[in-house]
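Starting from the known structure of chain A, fit chain B onto it as the hints suggest.
2 protein chains.
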Amino acid sequence: MAFELTGYRGDALKVLKEAHATIGDYIRVIVNGNIYEGILIPRTEYADDKHILIKLKSGYNIGLRVSSGIRIEVIRHESKPTFTPPKLPEEKEGLPKIALISTGGTIASKVDYRTGAVEPALTASDLYGIIPELSEIANIKTEILFSEFSENLTPQHWKKLAITIANMLNEDLAGIVIAHGTDTMGYTAAALSFAIQDPPIPIVLVGSQRSSDRPSSDAASNLIGAALVASKAPFAEVVVVMHDGLSDEILAVHRGTKVRKCHTSRRDAFKSININPLAYVVLNEGKIELWSQEFKPRNSSKKPIIKPDFYEKVTLLKFYPGMDSKIIDWFVEQGYKGIILEGTGLGHVGKYLLNSLKKAIDSGVFVGMTSQCIWGSVNMNVYNTGRDLQAIGVIPLSDMLPETALVKLMWVLAQSKDLDKVKQAMLSNIAGEFSLKRF
Amino acid sequence: MAFELTGYRGDALKVLKEAHATIGDYIRVIVNGNIYEGILIPRTEYADDKHILIKLKSGYNIGLRVSSGIRIEVIRHESKPTFTPPKLPEEKEGLPKIALISTGGTIASKVDYRTGAVEPALTASDLYGIIPELSEIANIKTEILFSEFSENLTPQHWKKLAITIANMLNEDLAGIVIAHGTDTMGYTAAALSFAIQDPPIPIVLVGSQRSSDRPSSDAASNLIGAALVASKAPFAEVVVVMHDGLSDEILAVHRGTKVRKCHTSRRDAFKSININPLAYVVLNEGKIELWSQEFKPRNSSKKPIIKPDFYEKVTLLKFYPGMDSKIIDWFVEQGYKGIILEGTGLGHVGKYLLNSLKKAIDSGVFVGMTSQCIWGSVNMNVYNTGRDLQAIGVIPLSDMLPETALVKLMWVLAQSKDLDKVKQAMLSNIAGEFSLKRF
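Heads up: the protein sequence lines correspond to chains A and B, in order.
So the first sequence is numbered by the working numbering: it starts at 1233 and just counts up by one.
So the second sequence is numbered by the working numbering: it starts at 1233 and just counts up by one.
No lab work stands behind these hints: they were computed from the structure.
All values reported here derive from a predicted model rather than from experimental measurement.
It is possible that some hints are incorrect.
Given that identical chains are not distinguished, each listed pair holds provided it fits within a single copy or across any two copies.
Unchecked claim - With a Cα cut of at most 20 Å, we get these calculated PhoX-like pairs of lysine-lysine:
| # | residue 1 | residue 2 |
| --- | --- | --- |
| 1 | LYS1282 | LYS1519 |
| 2 | LYS1583 | LYS1545 |
| 3 | LYS1545 | LYS1558 |
| 4 | LYS1590 | LYS1649 |
| 5 | LYS1583 | LYS1392 |
| 6 | LYS1282 | LYS1249 |
| 7 | LYS1534 | LYS1464 |
Chain A on its own, in the form it takes in the complex (with noise of 0.2 Å):
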């Protein structure tokens, strides 16, 4: 058989052949007092001649080092290779029914062996059809709606996602999923939080920090897990869920208001700030644990409310020791409705700022503040200059993520510039962009 060990040389090869493996057998590794078992899968042309590649039931790739006392038992022989092009299972009754909607990122994508870089290129059905469990978890409709990564969406893009979903809402499905880049996947699930409120099911984000293709690819295992929650979480939120920690099998939902990237490349990059996550998926028994009892329930007869549009004159402004007042000037000579500080500490600037704040919030501009401490919360009654900035109107944000409250804002903004309402929207808890507890 043409794929029968493909990709694999060397001390790796010869063990695979001892155990007479193959490519898409489920194997059984035992090393360093290890236990795996899982599908052995293809080598790619520049695999070392060291390690052995298996698929964890969770749908994780590992890794596992060939050394002196490694023994690897075939549990079951299949009969096909993994390389079979991916189909679209047939639908099975009693199931419920999910859409899949693709906007790209590197869980929608490949790695080009020629450059080596990762490039965009699965579609939504090529996603389900190389993750076969997708299809004993629920009935899938698939849709491309983008193929960018994520750095590249604006507010547009949000819009456009938006009513998609909205759309979908009035068909008879038991949730949603979204594949979409890491990079603003918190962005992106705190702009849905607001654009679609009090949604019937849940709206699942999900991305991946290694494409699919690759060995050690958390793809599979977070794909089933969206696919999970969106079938049958109690919950009907926007959430985001990627991996928890080092644990394979448990992966954390987290609230698309306070969620934030805070690795730049670990599979359990995504945190939940200042509370804790939502929920956790326990991959190897299909389950979903509750962490929080505090949550908007599942309600098919639920009618959302649906605000997709955006204003985009906004700003998030990190401060640094020595800003230039100036640039707020510019913004407000620019036409910009609002300005989100990401202040230091309890929500402070240099004083030499505060002349300029003045003049762009007399002018109507709305100024919020957040902290670039990034956890905790903003408190501007403690020191003066705190109180300084209140005083002349820049509002605290208690404890908003800074990247919530930019979008939050350019959302208000879409409903209305007044600055009163503006103010009456950005401190009300909307959707759960501040935590109950510190409020």
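Chain B in isolation, oriented as in the chain A frame:
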């Protein structure tokens, strides 16, 4: 003892008690066939009751879920906390001499009980007076340089501070302590790390999160710890000394270029990013425990390099979806010579910024890339976006913190405006701003 298992409850508390573990112990946890070893660290008041939190040797904290088969063993008990002020020889003649420079901030402030606000008030000698323990550690010379909250400090203040310190290096001092507001202490620490290279003695920044006349102030413990480090640490670097966690007795010593304020209000707000702290101070034993062997040693005969200037036409831009490329054009028009981008993920910005960035670089502006993820390293070879940005001349800055990159670029541009020299300097590891392991 009050802080024995701070923050733990429910199942997590139960299994830790059964293992006779306390906060700070080096423990082994075996769960789901995986083995983890690290220091048991306290949980916050908002923690759930199902996870045990340990700090791995890598410096990364992980939460381990308590499941039925979990096994916990204490490998090494840590010394038990009791708040005894450090005991030192009665003869003050034999004590080292250190300087305490006050710049303002909470550590040098008191509450205005009329308004409830905190104001800068205490002088360096006041501080010395209200913390008698200091007199047992060192003979201390005090100087008030500024009386400003740190959000008001600018690169001009960094210069004055660097010159003041440089002059003191000619005196016979064991170390220098700088009392500083916490808001921008990370920025100042980075600035001093570049301005004073290879100092003969430790230069220790210290602040507090609660003012010294308040109950639960961390001002005294932090100052005592800073004085200990200044007096007898084996390393001679610019460092930040602040509480490490919920234990009253343990302070962390962070390298000046790798530290960041990561919480608005907690006393353990400061974190070393991508590396371990350089050392810990065990207050009740008056001891400094090294956590790294890679440091510049104390050596009174060393001649430091003093370069106290900073060029201010440098900006830090945090990218967000839809960011207007005209912002970049404006900085170029204003004569800015450097831009540090805080991009997404591995170091990306939207493709709609490419033209303006190219124009900026072509006109001689240095553009460097860091990540708003905070943790991890940029890697602009993985995705096409990163490769495109490199092709127009954007320089990836590995795992340098965005704030440190800004300060470093201000410092580098004060030495030379030649773009090649600037690039070379930005990519050199001058003061530990790159983690060697990851570079």
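Results of checking the hints against the structure:
For the identical chains of this complex, LYS1282 and LYS1519 are inter-copy neighbours only, at 16 Å across copies versus 34 Å inside a copy, given an alpha-carbon limit of 20 Å. Only between protomers do LYS1583 and LYS1545 lie at most 20 Å apart by alpha-carbon distance; the minimum there is 19 Å, versus 25 Å within a single protomer. When the C-alpha separation of LYS1545 and LYS1558 is checked against a cutoff of 20 Å, the pair qualifies both within a copy, at 17 Å, and between copies, at 12 Å. In this assembly of identical chains, the alpha carbons of LYS1590 and LYS1649 lie at most 20 Å apart only when taken from the same copy (18 Å versus 35 Å across copies).
Taking the closest pair of Cα atoms, LYS1583 and LYS1392 come within 20 Å of each other only across two copies (19 Å); inside a single copy the shortest separation is 41 Å, beyond that limit. In this homomeric assembly, LYS1282 and LYS1249 come within 20 Å of each other (Cα to Cα) only inside a single copy, at 14 Å, whereas the closest approach across copies is 42 Å. Within a single copy, LYS1534 and LYS1464 get their C-alpha atoms as close as 17 Å, which meets the 20 Å cut-off; across copies the closest is 66 Å, which misses it.
The structure is consistent with each of the numbered hints, conforming to all of them.
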